[in-house]
Amino acid sequence: MQNNNRTTILRFAIIFLIMVCGFLTVLIRIILIQTRDSHHWELAEEVQDERIVAVPPIRGNIYDCNGQLMASSIPRFRLSMDPLAGGLLNKPDTIKRGKRKGTIIKRDTAFWNNIDTLSASLSLIVGDKTKQEYRDMIVTAKQQGKHYLVLTRDTINFLQYTKLMENPFIARGRTNSNVTGLIWDTIKVRTRPFGNLACRTIGTTGTTKGHGLSGLEKQYDSLLVGQPGVGVMRRVGGRDQVIIQREPLNGVDIVSTIDANLQDIVEKELRGPVEAYGAKWGCCVLMDVRTGELKAVANLSRDKQGTYRETENRAFMRAEPGSTFKTIAMLAALDDKKISLNTHVTVTRAPWKYKDVLTHTDAHKMDATLTMRQVLAVSSNIGMAKVIPAAYDGSATKFIEKLNQMGVIDTMPNDIPGSHIARINKPNPGDYVTISKMVYGYSVELTPVQIAMIYAAIANGGKLIHPSLVRELHQDGEVIERRQMQVIREQFCSPEAIADIRKALHDVVWDNEMGTAALSNGWQQAQSELVHIAGKTGTAQIHTSTGGYDSEHHRISFVGYFPEENPKYSCICVMEAPQRREDLNPKTINAGRGCGAVVRKIAEKVMAYTGCYVRQDGQLMLQERIK
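The numbers in our numbering rise by one with no breaks, and the one at position 540 of the sequence shown is 540.
Any given hint might turn out to be false.
In silico PhoX-like pairs for lysine-lysine, Cα to Cα no more than 25 angstroms straight-line [what the hints assert, rightly or not]:
1. 386 with 402
2. 218 with 129
3. 142 with 131
4. 365 with 463
5. 304 with 338
Source of the hints: derived by calculation from the structure; they are not laboratory data.
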(Lines of atoms letter the chains of each structure in order from A and count residues from 1; the text may use other names and numbers.)
(Lines give C-alpha, C1' and ligand atoms only; values in the text may rest on other atoms or scores of the structure.)
Protein backbone atom coordinates (compact mmCIF):
# COMPACT_ATOMS: atom_id res chain seq x y z
CA MET A 1 0.00 0.00 0.00
CA GLN A 2 2.79 2.33 0.92
CA ASN A 3 4.60 1.49 -2.32
CA ASN A 4 1.49 2.34 -4.31
CA ASN A 5 1.26 5.76 -2.68
CA ARG A 6 4.87 6.48 -3.41
CA THR A 7 4.37 5.53 -7.02
CA THR A 8 1.35 7.80 -7.33
CA ILE A 9 3.19 10.73 -5.76
CA LEU A 10 6.15 10.17 -8.06
CA ARG A 11 3.89 10.19 -11.06
CA PHE A 12 2.23 13.42 -9.97
CA ALA A 13 5.65 14.93 -9.32
CA ILE A 14 6.84 14.03 -12.79
CA ILE A 15 3.67 15.43 -14.36
CA PHE A 16 4.02 18.58 -12.28
CA LEU A 17 7.66 19.01 -13.31
CA ILE A 18 6.72 18.52 -16.97
CA MET A 19 4.01 21.15 -16.61
CA VAL A 20 6.39 23.56 -14.89
CA CYS A 21 9.01 23.03 -17.60
CA GLY A 22 6.40 23.60 -20.28
CA PHE A 23 5.23 26.73 -18.55
CA LEU A 24 8.79 27.98 -18.16
CA THR A 25 9.50 27.22 -21.81
CA VAL A 26 6.47 29.22 -22.95
CA LEU A 27 7.37 32.04 -20.55
CA ILE A 28 10.96 32.15 -21.79
CA ARG A 29 9.75 32.14 -25.40
CA ILE A 30 7.40 35.01 -24.71
CA ILE A 31 10.22 36.97 -23.07
CA LEU A 32 12.51 36.28 -26.02
CA ILE A 33 9.84 37.33 -28.51
CA GLN A 34 9.29 40.56 -26.63
CA THR A 35 12.99 41.33 -26.30
CA ARG A 36 15.46 39.67 -28.65
CA ASP A 37 13.00 38.97 -31.50
CA SER A 38 10.79 42.00 -31.03
CA HIS A 39 12.12 43.81 -34.10
CA HIS A 40 11.47 40.78 -36.31
CA TRP A 41 7.83 40.56 -35.24
CA GLU A 42 7.36 44.29 -35.47
CA LEU A 43 8.34 44.04 -39.12
CA ALA A 44 6.04 41.05 -39.55
CA GLU A 45 3.18 43.18 -38.24
CA GLU A 46 3.83 45.62 -41.09
CA VAL A 47 2.43 43.14 -43.59
CA GLN A 48 -0.51 44.92 -45.19
CA ASP A 49 -3.48 43.72 -47.16
CA GLU A 50 -2.83 42.82 -50.78
CA ARG A 51 -3.39 45.53 -53.40
CA ILE A 52 -3.89 45.05 -57.11
CA VAL A 53 -1.41 47.22 -59.03
CA ALA A 54 -0.57 47.84 -62.67
CA VAL A 55 2.81 46.55 -63.83
CA PRO A 56 4.19 49.06 -66.33
CA PRO A 57 5.42 47.76 -69.71
CA ILE A 58 8.67 48.80 -71.38
CA ARG A 59 8.16 51.46 -74.04
CA GLY A 60 9.13 50.32 -77.53
CA ASN A 61 12.36 51.40 -79.22
CA ILE A 62 12.74 53.46 -82.37
CA TYR A 63 15.44 52.44 -84.86
CA ASP A 64 16.81 53.90 -88.06
CA CYS A 65 16.58 51.94 -91.31
CA ASN A 66 19.92 50.22 -90.57
CA GLY A 67 18.89 49.00 -87.12
CA GLN A 68 20.74 51.71 -85.20
CA LEU A 69 18.97 52.73 -82.01
CA MET A 70 17.44 56.22 -82.22
CA ALA A 71 15.28 56.20 -79.06
CA SER A 72 15.03 53.76 -76.17
CA SER A 73 13.83 53.46 -72.58
CA ILE A 74 16.68 52.63 -70.22
CA PRO A 75 16.59 52.06 -66.46
CA ARG A 76 17.96 54.71 -64.16
CA PHE A 77 17.97 54.58 -60.39
CA ARG A 78 17.05 57.05 -57.69
CA LEU A 79 18.91 56.27 -54.45
CA SER A 80 17.58 57.11 -51.00
CA MET A 81 18.14 55.75 -47.48
CA ASP A 82 16.49 55.04 -44.19
CA PRO A 83 19.28 55.64 -41.61
CA LEU A 84 17.06 54.04 -38.93
CA ALA A 85 16.40 50.80 -40.83
CA GLY A 86 16.16 47.75 -38.64
CA GLY A 87 19.13 46.03 -40.27
CA LEU A 88 21.41 48.82 -39.10
CA LEU A 89 20.38 48.47 -35.46
CA ASN A 90 21.63 45.83 -32.97
CA LYS A 91 19.46 44.62 -30.12
CA PRO A 92 19.57 46.83 -26.97
CA ASP A 93 22.51 46.00 -24.69
CA THR A 94 22.37 46.39 -20.87
CA ILE A 95 25.43 48.10 -19.32
CA LYS A 96 26.11 46.71 -15.87
CA ARG A 97 28.85 48.90 -14.47
CA GLY A 98 29.20 52.36 -12.98
CA LYS A 99 26.40 54.77 -12.31
CA ARG A 100 24.70 53.75 -15.53
CA LYS A 101 24.15 50.22 -14.31
CA GLY A 102 20.94 48.88 -15.85
CA THR A 103 20.72 51.64 -18.46
CA ILE A 104 19.75 50.31 -21.91
CA ILE A 105 21.28 51.96 -25.01
CA LYS A 106 21.45 51.02 -28.72
CA ARG A 107 24.82 50.23 -30.19
CA ASP A 108 24.26 50.43 -33.99
CA THR A 109 27.26 48.37 -34.98
CA ALA A 110 26.16 47.74 -38.59
CA PHE A 111 25.62 51.46 -39.21
CA TRP A 112 28.92 52.70 -37.78
CA ASN A 113 30.93 49.83 -39.24
CA ASN A 114 29.79 50.66 -42.78
CA ILE A 115 29.11 54.40 -42.91
CA ASP A 116 32.64 55.21 -44.10
CA THR A 117 32.76 52.63 -46.91
CA LEU A 118 29.24 53.61 -47.99
CA SER A 119 30.14 57.30 -48.13
CA ALA A 120 33.37 56.58 -49.99
CA SER A 121 31.59 54.46 -52.63
CA LEU A 122 28.89 57.09 -53.20
CA SER A 123 31.49 59.84 -53.57
CA LEU A 124 33.67 57.83 -55.93
CA ILE A 125 30.93 56.50 -58.22
CA VAL A 126 28.16 59.12 -58.08
CA GLY A 127 30.61 61.95 -57.63
CA ASP A 128 28.30 64.83 -56.71
CA LYS A 129 29.58 65.08 -53.10
CA THR A 130 32.74 64.33 -51.17
CA LYS A 131 33.02 61.35 -48.85
CA GLN A 132 32.76 63.61 -45.80
CA GLU A 133 29.70 65.42 -47.19
CA TYR A 134 27.91 62.12 -47.70
CA ARG A 135 28.88 60.94 -44.21
CA ASP A 136 27.75 64.14 -42.52
CA MET A 137 24.45 64.15 -44.41
CA ILE A 138 23.60 60.56 -43.43
CA VAL A 139 24.69 60.94 -39.78
CA THR A 140 22.72 64.18 -39.41
CA ALA A 141 19.59 62.52 -40.78
CA LYS A 142 20.05 59.64 -38.33
CA GLN A 143 20.46 62.00 -35.37
CA GLN A 144 17.34 63.89 -36.44
CA GLY A 145 15.34 60.67 -36.54
CA LYS A 146 14.60 60.81 -40.27
CA HIS A 147 13.43 57.63 -41.93
CA TYR A 148 13.88 58.92 -45.48
CA LEU A 149 16.88 60.67 -47.01
CA VAL A 150 17.49 61.30 -50.72
CA LEU A 151 21.17 60.57 -51.33
CA THR A 152 21.61 61.83 -54.92
CA ARG A 153 20.07 64.85 -56.63
CA ASP A 154 19.94 63.10 -60.01
CA THR A 155 19.24 59.53 -61.00
CA ILE A 156 22.22 57.27 -61.66
CA ASN A 157 22.71 55.03 -64.68
CA PHE A 158 22.99 51.26 -64.81
CA LEU A 159 26.81 51.31 -64.91
CA GLN A 160 26.93 53.39 -61.72
CA TYR A 161 24.38 51.05 -60.14
CA THR A 162 26.53 48.03 -61.05
CA LYS A 163 29.67 49.60 -59.64
CA LEU A 164 27.91 50.47 -56.38
CA MET A 165 26.75 46.85 -56.10
CA GLU A 166 30.41 45.80 -56.00
CA ASN A 167 30.47 47.17 -52.44
CA PRO A 168 29.60 44.15 -50.23
CA PHE A 169 27.57 46.22 -47.77
CA ILE A 170 25.46 47.82 -50.52
CA ALA A 171 24.99 44.47 -52.28
CA ARG A 172 23.49 42.94 -49.13
CA GLY A 173 20.49 45.21 -49.49
CA ARG A 174 19.78 44.31 -53.14
CA THR A 175 16.68 42.28 -52.27
CA ASN A 176 15.81 43.71 -48.86
CA SER A 177 16.27 47.41 -48.22
CA ASN A 178 15.86 46.84 -44.48
CA VAL A 179 19.33 45.25 -44.31
CA THR A 180 21.24 48.35 -45.38
CA GLY A 181 18.59 51.04 -45.32
CA LEU A 182 19.29 51.80 -49.02
CA ILE A 183 16.19 52.20 -51.16
CA TRP A 184 16.45 51.77 -54.96
CA ASP A 185 13.68 53.22 -57.09
CA THR A 186 13.94 52.12 -60.74
CA ILE A 187 12.86 54.73 -63.25
CA LYS A 188 12.54 54.23 -67.02
CA VAL A 189 14.09 57.20 -68.84
CA ARG A 190 13.72 57.86 -72.57
CA THR A 191 17.07 58.45 -74.19
CA ARG A 192 18.40 59.09 -77.71
CA PRO A 193 21.82 57.47 -78.28
CA PHE A 194 22.53 59.88 -81.16
CA GLY A 195 21.71 62.91 -79.03
CA ASN A 196 19.73 65.57 -80.91
CA LEU A 197 20.11 63.90 -84.31
CA ALA A 198 16.68 63.99 -85.99
CA CYS A 199 15.22 64.77 -82.57
CA ARG A 200 12.19 66.63 -83.92
CA THR A 201 11.33 63.79 -86.30
CA ILE A 202 11.92 61.01 -83.77
CA GLY A 203 10.14 63.12 -81.15
CA THR A 204 10.11 63.50 -77.39
CA THR A 205 8.21 62.04 -74.44
CA GLY A 206 6.90 63.51 -71.21
CA THR A 207 8.91 63.22 -68.01
CA THR A 208 6.02 62.06 -65.84
CA LYS A 209 3.70 59.65 -67.63
CA GLY A 210 6.16 59.07 -70.48
CA HIS A 211 3.72 59.58 -73.36
CA GLY A 212 4.89 60.95 -76.69
CA LEU A 213 4.79 64.71 -77.12
CA SER A 214 6.04 65.14 -80.69
CA GLY A 215 7.26 63.32 -83.79
CA LEU A 216 7.05 59.55 -84.12
CA GLU A 217 6.88 59.28 -80.32
CA LYS A 218 3.51 61.03 -80.42
CA GLN A 219 2.16 59.64 -83.67
CA TYR A 220 2.76 56.03 -82.58
CA ASP A 221 2.38 56.51 -78.83
CA SER A 222 -0.45 53.95 -78.51
CA LEU A 223 1.80 51.27 -80.03
CA LEU A 224 5.03 52.28 -78.33
CA VAL A 225 3.55 52.45 -74.83
CA GLY A 226 2.45 48.79 -74.71
CA GLN A 227 -0.12 47.33 -72.29
CA PRO A 228 0.35 47.17 -68.50
CA GLY A 229 0.31 43.86 -66.66
CA VAL A 230 -1.36 43.04 -63.35
CA GLY A 231 0.40 42.43 -60.04
CA VAL A 232 -0.36 42.02 -56.34
CA MET A 233 1.56 44.30 -54.01
CA ARG A 234 2.40 43.25 -50.47
CA ARG A 235 4.40 45.23 -47.97
CA VAL A 236 6.69 42.94 -46.02
CA GLY A 237 9.46 44.07 -43.72
CA GLY A 238 9.07 47.69 -44.72
CA ARG A 239 9.50 46.86 -48.39
CA ASP A 240 6.90 46.74 -51.17
CA GLN A 241 6.93 43.50 -53.08
CA VAL A 242 4.97 42.96 -56.29
CA ILE A 243 3.96 39.47 -57.35
CA ILE A 244 3.22 39.39 -61.09
CA GLN A 245 -0.19 37.93 -61.93
CA ARG A 246 -0.18 38.88 -65.65
CA GLU A 247 2.96 39.90 -67.49
CA PRO A 248 2.89 43.33 -69.20
CA LEU A 249 2.94 43.51 -73.00
CA ASN A 250 5.92 45.65 -73.93
CA GLY A 251 5.59 48.34 -76.56
CA VAL A 252 6.04 47.83 -80.28
CA ASP A 253 9.45 48.70 -81.76
CA ILE A 254 9.47 51.03 -84.76
CA VAL A 255 11.96 50.77 -87.60
CA SER A 256 11.97 54.18 -89.25
CA THR A 257 13.09 55.11 -92.76
CA ILE A 258 15.64 57.58 -91.38
CA ASP A 259 19.29 56.72 -92.03
CA ALA A 260 21.29 58.08 -89.09
CA ASN A 261 24.42 58.48 -91.21
CA LEU A 262 22.62 60.42 -93.95
CA GLN A 263 20.81 62.43 -91.29
CA ASP A 264 24.17 63.46 -89.85
CA ILE A 265 25.36 64.61 -93.29
CA VAL A 266 22.21 66.65 -93.92
CA GLU A 267 22.19 68.33 -90.51
CA LYS A 268 25.84 69.35 -90.68
CA GLU A 269 25.55 70.80 -94.19
CA LEU A 270 22.41 72.72 -93.27
CA ARG A 271 23.77 74.16 -90.04
CA GLY A 272 26.76 75.96 -91.60
CA PRO A 273 24.99 78.52 -93.83
CA VAL A 274 21.97 78.84 -91.53
CA GLU A 275 24.21 79.94 -88.66
CA ALA A 276 26.59 81.96 -90.84
CA TYR A 277 23.83 84.12 -92.32
CA GLY A 278 21.58 84.21 -89.26
CA ALA A 279 18.51 82.76 -90.96
CA LYS A 280 15.33 82.65 -88.91
CA TRP A 281 15.08 78.96 -89.65
CA GLY A 282 16.20 76.35 -92.14
CA CYS A 283 15.14 72.85 -93.07
CA CYS A 284 16.33 70.12 -95.38
CA VAL A 285 14.73 66.86 -96.56
CA LEU A 286 16.34 63.89 -98.30
CA MET A 287 13.92 61.42 -99.94
CA ASP A 288 14.33 58.13 -101.82
CA VAL A 289 12.61 58.79 -105.16
CA ARG A 290 11.78 55.10 -105.75
CA THR A 291 10.11 54.34 -102.40
CA GLY A 292 9.10 57.71 -100.92
CA GLU A 293 11.11 56.91 -97.78
CA LEU A 294 12.43 59.96 -95.96
CA LYS A 295 16.10 59.26 -95.30
CA ALA A 296 16.81 62.52 -93.47
CA VAL A 297 14.74 65.42 -92.14
CA ALA A 298 16.63 68.33 -90.56
CA ASN A 299 15.11 71.41 -88.93
CA LEU A 300 16.95 74.33 -87.31
CA SER A 301 15.23 77.32 -85.72
CA ARG A 302 16.86 80.27 -83.95
CA ASP A 303 15.78 80.70 -80.33
CA LYS A 304 15.80 83.92 -78.29
CA GLN A 305 19.44 83.36 -77.31
CA GLY A 306 20.46 83.03 -80.96
CA THR A 307 21.09 79.27 -80.70
CA TYR A 308 19.84 76.99 -83.45
CA ARG A 309 17.89 73.97 -82.29
CA GLU A 310 15.23 71.60 -83.59
CA THR A 311 12.23 73.28 -82.01
CA GLU A 312 9.80 73.17 -84.96
CA ASN A 313 9.36 70.63 -87.71
CA ARG A 314 9.48 73.17 -90.53
CA ALA A 315 9.79 70.43 -93.14
CA PHE A 316 6.13 69.57 -92.49
CA MET A 317 4.83 73.14 -92.21
CA ARG A 318 3.38 74.80 -95.29
CA ALA A 319 4.47 78.13 -96.74
CA GLU A 320 4.44 79.85 -100.11
CA PRO A 321 7.18 78.05 -102.07
CA GLY A 322 8.01 80.71 -104.63
CA SER A 323 9.67 79.69 -107.88
CA THR A 324 10.03 75.98 -107.08
CA PHE A 325 6.29 75.87 -107.89
CA LYS A 326 6.97 77.08 -111.45
CA THR A 327 8.04 73.55 -112.32
CA ILE A 328 4.67 72.20 -111.21
CA ALA A 329 2.69 74.87 -113.07
CA MET A 330 4.67 74.36 -116.28
CA LEU A 331 4.39 70.57 -115.96
CA ALA A 332 0.60 70.85 -115.76
CA ALA A 333 0.47 72.89 -118.98
CA LEU A 334 2.91 70.54 -120.73
CA ASP A 335 0.83 67.52 -119.70
CA ASP A 336 -2.32 69.18 -121.08
CA LYS A 337 -0.37 69.98 -124.27
CA LYS A 338 -1.31 73.61 -123.92
CA ILE A 339 2.34 74.65 -124.30
CA SER A 340 5.65 73.14 -125.32
CA LEU A 341 9.22 73.82 -124.28
CA ASN A 342 9.59 75.83 -127.49
CA THR A 343 6.62 78.11 -126.82
CA HIS A 344 7.99 81.66 -127.02
CA VAL A 345 7.27 84.60 -124.74
CA THR A 346 8.67 88.11 -124.51
CA VAL A 347 10.00 89.29 -121.15
CA THR A 348 11.04 92.82 -120.21
CA ARG A 349 13.27 94.59 -117.76
CA ALA A 350 10.39 96.87 -116.82
CA PRO A 351 7.54 95.62 -114.64
CA TRP A 352 4.63 94.09 -116.53
CA LYS A 353 0.95 94.23 -115.56
CA TYR A 354 -1.33 91.27 -115.97
CA LYS A 355 -4.66 92.51 -117.38
CA ASP A 356 -3.42 96.00 -116.45
CA VAL A 357 -4.06 95.20 -112.78
CA LEU A 358 -1.40 93.04 -111.09
CA THR A 359 2.26 93.99 -111.56
CA HIS A 360 4.92 91.32 -112.12
CA THR A 361 8.69 91.79 -112.09
CA ASP A 362 11.73 89.64 -112.76
CA ALA A 363 14.78 89.42 -110.53
CA HIS A 364 16.89 88.55 -113.59
CA LYS A 365 16.00 91.57 -115.68
CA MET A 366 16.26 91.31 -119.45
CA ASP A 367 14.50 92.34 -122.62
CA ALA A 368 14.31 89.14 -124.63
CA THR A 369 12.16 86.55 -126.30
CA LEU A 370 12.57 83.26 -124.45
CA THR A 371 11.37 79.70 -124.87
CA MET A 372 9.51 78.20 -121.93
CA ARG A 373 12.56 76.03 -121.32
CA GLN A 374 14.57 79.23 -120.87
CA VAL A 375 11.79 80.80 -118.78
CA LEU A 376 12.19 78.02 -116.22
CA ALA A 377 15.99 78.15 -116.34
CA VAL A 378 16.13 81.91 -115.72
CA SER A 379 13.06 81.75 -113.43
CA SER A 380 11.08 84.50 -115.12
CA ASN A 381 7.92 85.56 -113.27
CA ILE A 382 6.78 87.59 -116.26
CA GLY A 383 7.20 84.67 -118.65
CA MET A 384 5.15 82.38 -116.38
CA ALA A 385 2.45 85.02 -115.77
CA LYS A 386 2.05 85.63 -119.52
CA VAL A 387 1.89 82.02 -120.70
CA ILE A 388 0.34 79.69 -118.09
CA PRO A 389 -2.80 81.72 -117.20
CA ALA A 390 -3.48 82.22 -120.90
CA ALA A 391 -3.16 78.47 -121.44
CA TYR A 392 -6.04 77.97 -118.99
CA ASP A 393 -8.11 80.88 -120.36
CA GLY A 394 -7.37 82.92 -117.26
CA SER A 395 -9.39 80.46 -115.15
CA ALA A 396 -7.94 79.66 -111.75
CA THR A 397 -10.61 76.95 -111.42
CA LYS A 398 -9.33 75.05 -114.45
CA PHE A 399 -5.73 75.38 -113.26
CA ILE A 400 -6.54 74.14 -109.76
CA GLU A 401 -8.59 71.25 -111.14
CA LYS A 402 -5.56 70.17 -113.13
CA LEU A 403 -3.36 70.25 -110.02
CA ASN A 404 -5.95 68.15 -108.18
CA GLN A 405 -6.04 65.69 -111.05
CA MET A 406 -2.27 65.32 -110.83
CA GLY A 407 -2.45 64.78 -107.05
CA VAL A 408 0.03 67.50 -106.14
CA ILE A 409 -2.27 68.87 -103.43
CA ASP A 410 -3.27 65.46 -102.12
CA THR A 411 -4.48 65.49 -98.52
CA MET A 412 -3.29 62.03 -97.51
CA PRO A 413 -1.99 62.16 -93.90
CA ASN A 414 1.59 61.27 -93.05
CA ASP A 415 3.53 59.96 -90.08
CA ILE A 416 4.20 63.25 -88.29
CA PRO A 417 1.44 64.65 -86.03
CA GLY A 418 0.43 68.21 -86.75
CA SER A 419 1.91 68.22 -90.25
CA HIS A 420 0.18 70.48 -92.74
CA ILE A 421 -1.60 69.63 -95.95
CA ALA A 422 -1.18 71.67 -99.11
CA ARG A 423 -3.45 74.68 -99.49
CA ILE A 424 -4.38 76.41 -102.72
CA ASN A 425 -7.16 78.89 -102.19
CA LYS A 426 -9.58 79.20 -105.06
CA PRO A 427 -9.92 82.91 -105.91
CA ASN A 428 -13.21 84.61 -105.18
CA PRO A 429 -15.67 85.21 -108.04
CA GLY A 430 -14.48 88.17 -110.07
CA ASP A 431 -10.85 87.64 -109.08
CA TYR A 432 -9.23 86.94 -112.43
CA VAL A 433 -5.68 88.02 -111.61
CA THR A 434 -4.58 85.82 -108.70
CA ILE A 435 -3.85 82.95 -111.07
CA SER A 436 -1.04 85.02 -112.58
CA LYS A 437 0.95 84.87 -109.34
CA MET A 438 -0.17 81.35 -108.45
CA VAL A 439 1.87 80.01 -111.35
CA TYR A 440 5.12 81.19 -109.75
CA GLY A 441 4.41 80.17 -106.19
CA TYR A 442 2.26 82.78 -104.46
CA SER A 443 -1.28 82.23 -103.10
CA VAL A 444 -0.36 78.54 -102.84
CA GLU A 445 1.14 76.82 -99.82
CA LEU A 446 2.97 73.50 -99.68
CA THR A 447 5.31 71.90 -97.18
CA PRO A 448 8.95 71.25 -98.14
CA VAL A 449 8.26 67.51 -97.89
CA GLN A 450 5.41 67.80 -100.40
CA ILE A 451 7.60 69.72 -102.83
CA ALA A 452 10.34 67.08 -102.49
CA MET A 453 7.65 64.42 -103.15
CA ILE A 454 6.64 66.07 -106.45
CA TYR A 455 10.23 66.42 -107.64
CA ALA A 456 10.81 62.79 -106.65
CA ALA A 457 7.93 61.83 -108.97
CA ILE A 458 9.56 63.80 -111.78
CA ALA A 459 12.82 61.98 -111.06
CA ASN A 460 11.34 58.45 -111.02
CA GLY A 461 9.35 58.84 -114.23
CA GLY A 462 5.95 59.89 -112.90
CA LYS A 463 5.01 57.74 -109.88
CA LEU A 464 3.75 60.07 -107.15
CA ILE A 465 4.57 58.31 -103.86
CA HIS A 466 3.45 59.41 -100.45
CA PRO A 467 6.42 60.25 -98.17
CA SER A 468 6.91 57.74 -95.37
CA LEU A 469 8.83 57.68 -92.10
CA VAL A 470 8.11 54.15 -90.86
CA ARG A 471 9.31 50.96 -92.54
CA GLU A 472 8.41 48.17 -90.09
CA LEU A 473 6.80 47.44 -86.72
CA HIS A 474 8.39 44.79 -84.48
CA GLN A 475 7.07 42.98 -81.41
CA ASP A 476 9.54 40.96 -79.33
CA GLY A 477 11.97 40.83 -82.24
CA GLU A 478 9.39 39.66 -84.78
CA VAL A 479 8.10 41.73 -87.70
CA ILE A 480 4.37 42.27 -87.14
CA GLU A 481 3.82 44.79 -89.92
CA ARG A 482 5.83 45.83 -92.95
CA ARG A 483 4.63 49.15 -94.32
CA GLN A 484 3.77 49.11 -98.01
CA MET A 485 4.62 51.95 -100.37
CA GLN A 486 1.62 54.29 -100.71
CA VAL A 487 1.21 55.39 -104.31
CA ILE A 488 -0.90 58.50 -104.82
CA ARG A 489 -0.77 58.38 -108.63
CA GLU A 490 0.86 55.62 -110.68
CA GLN A 491 1.49 58.19 -113.41
CA PHE A 492 0.73 61.71 -112.26
CA CYS A 493 1.47 63.14 -115.71
CA SER A 494 2.59 61.89 -119.09
CA PRO A 495 6.12 60.54 -119.65
CA GLU A 496 6.52 63.08 -122.47
CA ALA A 497 5.78 65.99 -120.14
CA ILE A 498 8.19 64.59 -117.55
CA ALA A 499 10.95 64.18 -120.15
CA ASP A 500 10.46 67.82 -121.21
CA ILE A 501 10.44 69.26 -117.68
CA ARG A 502 13.60 67.30 -116.82
CA LYS A 503 15.37 69.04 -119.70
CA ALA A 504 14.40 72.41 -118.27
CA LEU A 505 15.48 71.39 -114.75
CA HIS A 506 18.83 70.31 -116.17
CA ASP A 507 19.32 73.81 -117.59
CA VAL A 508 18.63 75.45 -114.23
CA VAL A 509 21.86 73.88 -112.93
CA TRP A 510 23.96 73.40 -116.05
CA ASP A 511 23.13 76.32 -118.38
CA ASN A 512 25.80 78.83 -117.33
CA GLU A 513 24.11 81.62 -119.31
CA MET A 514 20.54 81.21 -118.05
CA GLY A 515 20.50 78.81 -115.10
CA THR A 516 19.81 80.31 -111.66
CA ALA A 517 21.75 77.48 -109.94
CA ALA A 518 24.57 77.26 -112.49
CA LEU A 519 28.05 78.78 -112.31
CA SER A 520 27.68 82.45 -111.42
CA ASN A 521 30.56 84.88 -110.99
CA GLY A 522 32.78 82.00 -109.95
CA TRP A 523 30.24 80.55 -107.52
CA GLN A 524 29.65 76.85 -108.00
CA GLN A 525 26.09 76.90 -106.61
CA ALA A 526 24.44 73.51 -107.42
CA GLN A 527 26.95 72.38 -110.05
CA SER A 528 29.16 69.51 -108.96
CA GLU A 529 32.04 67.74 -110.66
CA LEU A 530 31.20 64.60 -108.71
CA VAL A 531 27.47 64.17 -109.22
CA HIS A 532 25.01 65.60 -111.72
CA ILE A 533 22.11 67.43 -110.08
CA ALA A 534 18.95 68.80 -111.71
CA GLY A 535 16.53 71.05 -109.87
CA LYS A 536 14.99 74.45 -109.35
CA THR A 537 15.70 77.51 -107.22
CA GLY A 538 12.96 79.35 -105.37
CA THR A 539 12.75 82.82 -103.84
CA ALA A 540 9.64 84.21 -102.18
CA GLN A 541 8.95 87.39 -100.26
CA ILE A 542 7.76 86.61 -96.76
CA HIS A 543 4.10 87.16 -96.00
CA THR A 544 3.63 89.41 -92.96
CA SER A 545 0.99 89.35 -90.25
CA THR A 546 -0.52 92.57 -91.65
CA GLY A 547 -1.37 90.86 -94.93
CA GLY A 548 1.41 92.31 -97.06
CA TYR A 549 4.87 91.11 -98.05
CA ASP A 550 8.30 91.97 -96.68
CA SER A 551 10.33 92.98 -99.73
CA GLU A 552 13.56 93.10 -97.71
CA HIS A 553 13.55 89.50 -96.52
CA HIS A 554 13.02 86.33 -98.50
CA ARG A 555 12.48 82.63 -98.15
CA ILE A 556 15.02 80.95 -100.40
CA SER A 557 15.08 77.33 -101.50
CA PHE A 558 16.47 74.77 -103.90
CA VAL A 559 14.93 71.40 -104.70
CA GLY A 560 16.39 68.81 -107.01
CA TYR A 561 17.29 65.18 -107.59
CA PHE A 562 20.48 63.23 -108.16
CA PRO A 563 22.25 61.53 -109.86
CA GLU A 564 20.50 63.12 -112.81
CA GLU A 565 21.28 60.18 -115.14
CA ASN A 566 19.57 57.65 -112.84
CA PRO A 567 17.95 59.50 -109.92
CA LYS A 568 17.93 57.93 -106.47
CA TYR A 569 17.30 60.87 -104.14
CA SER A 570 15.38 64.12 -104.16
CA CYS A 571 16.53 66.84 -101.80
CA ILE A 572 15.13 70.21 -100.78
CA CYS A 573 16.74 72.95 -98.70
CA VAL A 574 14.82 75.98 -97.45
CA MET A 575 16.04 79.00 -95.45
CA GLU A 576 13.93 81.80 -94.04
CA ALA A 577 15.27 85.36 -93.99
CA PRO A 578 19.08 84.92 -94.23
CA GLN A 579 20.80 88.20 -93.35
CA ARG A 580 23.45 90.24 -95.13
CA ARG A 581 26.95 89.79 -93.67
CA GLU A 582 29.55 92.46 -94.45
CA ASP A 583 32.30 90.26 -93.02
CA LEU A 584 31.57 87.28 -95.28
CA ASN A 585 32.09 86.53 -98.93
CA PRO A 586 29.53 86.52 -100.39
CA LYS A 587 27.89 89.20 -98.28
CA THR A 588 24.46 87.82 -99.18
CA ILE A 589 23.28 84.43 -100.33
CA ASN A 590 20.54 83.75 -102.85
CA ALA A 591 18.74 80.49 -103.55
CA GLY A 592 21.54 79.12 -105.73
CA ARG A 593 24.54 80.16 -103.63
CA GLY A 594 22.80 79.26 -100.39
CA CYS A 595 20.36 76.37 -100.75
CA GLY A 596 21.73 75.08 -104.06
CA ALA A 597 25.19 74.80 -102.55
CA VAL A 598 23.79 72.93 -99.53
CA VAL A 599 22.07 70.36 -101.77
CA ARG A 600 25.28 70.01 -103.84
CA LYS A 601 27.39 69.23 -100.77
CA ILE A 602 24.77 66.82 -99.46
CA ALA A 603 24.61 65.05 -102.83
CA GLU A 604 28.37 64.63 -103.00
CA LYS A 605 28.62 63.17 -99.50
CA VAL A 606 25.53 60.98 -99.87
CA MET A 607 26.88 59.50 -103.08
CA ALA A 608 30.25 58.88 -101.48
CA TYR A 609 28.57 57.19 -98.49
CA THR A 610 26.01 55.07 -100.32
CA GLY A 611 28.15 54.16 -103.32
CA CYS A 612 25.11 54.38 -105.62
CA TYR A 613 27.04 55.27 -108.74
CA VAL A 614 25.63 55.63 -112.24
CA ARG A 615 26.29 52.81 -114.69
CA GLN A 616 26.66 54.16 -118.21
CA ASP A 617 27.94 52.21 -121.22
CA GLY A 618 28.87 49.38 -118.89
CA GLN A 619 31.04 51.54 -116.67
CA LEU A 620 30.55 53.30 -113.34
CA MET A 621 31.02 56.79 -114.70
CA LEU A 622 30.28 58.57 -111.47
CA GLN A 623 32.77 56.43 -109.57
CA GLU A 624 35.46 57.55 -111.97
CA ARG A 625 34.55 61.20 -111.36
CA ILE A 626 34.75 60.69 -107.59
CA LYS A 627 38.22 59.15 -107.92
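### Query
When the hints from earlier in the document are held up against this structure, which numbers fail?
2, 4, 5
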